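So the protein lines, in turn, are chains P and R. Heads up: take any position in the first sequence, counting from 1, add 1069, and you land on my numbering. For the record, in the second sequence the residue sitting at position 36 is 31 according to my numbering, with numbers rising by one throughout.
Because the hints were derived from the structure by calculation, they are not lab data. Since this is a predicted model, take the numbers as computed values, not measurements. Every residue, glycine too, gets a C-beta built ideally from N, C-alpha and C. Some hints could be false.
Derived DEER-like restraints, expressed as beta-carbon distance ranges [unchecked claim]:
id	chain 1	residue 1	chain 2	residue 2	range
1	R	Pro162	P	Pro1345	35 to 45 Å
2	P	Ile1276	R	Gly132	53 to 63 Å
3	R	Gly132	P	Pro1345	38 to 48 Å
4	R	Pro162	P	Leu1164	43 to 53 Å
5	R	Arg118	P	Asn1242	25 to 35 Å
6	R	Arg118	P	Leu1341	33 to 43 Å
7	P	Val1180	R	Asp124	51 to 61 Å
8	R	Gln80	P	Val1216	39 to 49 Å
9	R	Ala15	P	Leu1164	47 to 57 Å
10	R	Gln107	P	Val1180	42 to 52 Å
11	P	Leu1319	R	Leu123	40 to 50 Å
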Amino acid sequence: MDYGLVVLIEVLRAIAGLVLISIGLAIIFGMMRIVNIAHGEFLMLGGYTVVLSAKAGINTWVAMLVLAPLVVGLVGVAIERCFIRFLYGRMLDTLLATWGLSLFIVGFVTVVFGNTLEGVSVSVGSFEIGRFRVAGYSLFIILVGAVLLAATVAVLRFTRLGLIARGTMQNPNMAAALGLSPPRIYMVTFGIGAALTGLAGGVLAPITGVVPTMGIAFIAQAFITVITGGAAIVAGTGSASTLLGSVSQLTTFATTPVIGDVALLFIAVVLLRILPQGITGRFFRRSL
Amino acid sequence: MTLLAVQGLASGYGKVPILAGISFAVREGEFVGILGHNGMGKTTLLRTLMGYLPATAGEVRFAGADITHAPTHHRARAGLGFVPQGREIFPTLTVRDNLRMGFAARQGNESQALDAVLADFPRLERLLDRPGGALSGGEQQLLALARSLCADPRLILLDEPTEGIQPSIIDEIIDTLLALRHRRAGFTLVLVEQNLDFISALSDRVLLIQKGRITREVEAAAMKDTAMIGEFVGFGH
């Protein structure tokens, strides 16, 4: 019973982790169709924002939940204005441009901060379940993942910004004919996607540590989750994270983390063979 | 008062010219039809007026302001509405959200504005929660028109609204547009069509377009004269 509860918490943490690293990409790639290879570097910049803020004496929670999304969101807006806006509708070109951007960001951060692992400490403590001890931070990650999904649904479904973003991504010319400015909407949407990725980088920094090349560890999982999820960004990210996170974590418990990662890749390949349009291409079609 | 004034407008796709110096004017409250064969530049004219295609020469003035090189959303905010060929409904948004997109660039009470528009389109009321892509072609045409009206335009550019639409809905569109003309003071329409009955039922006058130029202007009553129409564009009933 106790062991089962511990496994459940760890599975939920794995699912929330996938939600965190994927939701920003779901907006930028799933919604805007921009293949952002620099997604992992946006995560890394979120992590460094927390590290530098902590060194400057700023409260870690403020750095994690406010500064990381703010800084990376602004970086995202700058990148969209300088590069991405010239490449809309040119998927291969965005892939190459963001790949170059990814290499530049890694190189720049390495030159400035060095290639050493930086740690971030948060005082959450742990709690006992029978004879097992569980990190309180796992519950925090589960909470952030759930809140992030709920907030994304709320913004997309109930706010004017969400409506405008959904409509404009479907048909920017028609949106313009209704008086909306597609360039501005694209810029804001990209910035929000980057900000959510920065938040993820900040929240995950205490458990992964921060190093210039940390993005590589996340980029594949993020793309696999978004592609497996399909067109509906929230239902897709949520369902794919649940499936892939559960399989990966349960396999990890039964075997090793490496085999857990292999299981994640295996189930994603099988799913895309059966459901080429992703999970939401067959299920939850009318969901967001 | 002249609402739309087009002078010597030229445009095309890349290096292929389509419009070769179009000139016409539309007064406030007027319904003007534009008639021509496929490939003569009707849709290109509307797309250029909306700013989708750049004007290579000439001038477009709307309500006195030069909008020749203004971006599309500026033209829309100035009061130019567009109902494109093929409707271009947002397919995964509900009918209600499609209408809300029409209102999105405006300030004020959204639900009041939507209710006012829905009063003119009773057929859409029972479809509000259906995705736009699930509607029939005729229902989508009504939705596209209603969505455009949500932006409160002074002039609507209407591109081939009867294409692929069942006759009963064509009659409904005619009735709706005539009712709008009656209810909304100054409501102005530029209508591109190949359906002679439709264009003659709505237009005060009709411009004939051939090879990117306006070649003749006729009164709507003259549209009944098939011999005359046949002489100029080869159309018949």
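Okay, the hints, checked on the actual structure:
At roughly 40 Å, the beta carbons of R/Pro162 and P/Pro1345 sit within the given window of 35 to 45 Å. The supplied range of 53 to 63 Å is met by P/Ile1276 and R/Gly132, whose beta-carbon atoms lie about 54 Å from each other. At about 29 Å, the CB distance of R/Gly132 to P/Pro1345 disagrees with the hint of 38 to 48 Å. Our hint of 43 to 53 Å for R/Pro162 and P/Leu1164 holds, since their Cβ atoms are close to 49 Å apart.
In this structure the hint that R/Arg118 and P/Asn1242 lie 25 to 35 Å apart at CB holds, the actual value being about 26 Å. Between R/Arg118 and P/Leu1341 the Cβ separation comes to about 41 Å, which falls inside the hinted range of 33 to 43 Å. For P/Val1180 and R/Asp124, the hinted distance range of 51 to 61 Å is satisfied, since their beta carbons lie about 55 Å from each other. Taken as a hint, the range 39 to 49 Å holds for the pair R/Gln80 and P/Val1216, whose Cβ atoms sit roughly 44 Å apart.
R/Ala15 and P/Leu1164 have their C-beta atoms about 41 Å apart, which leaves the hinted 47 to 57 Å range violated. In this structure the supplied range 42 to 52 Å is violated for R/Gln107 paired with P/Val1180, their Cβ-Cβ distance being about 58 Å. Separated by about 44 Å at the C-beta atoms, P/Leu1319 and R/Leu123 satisfy the suggested range of 40 to 50 Å.
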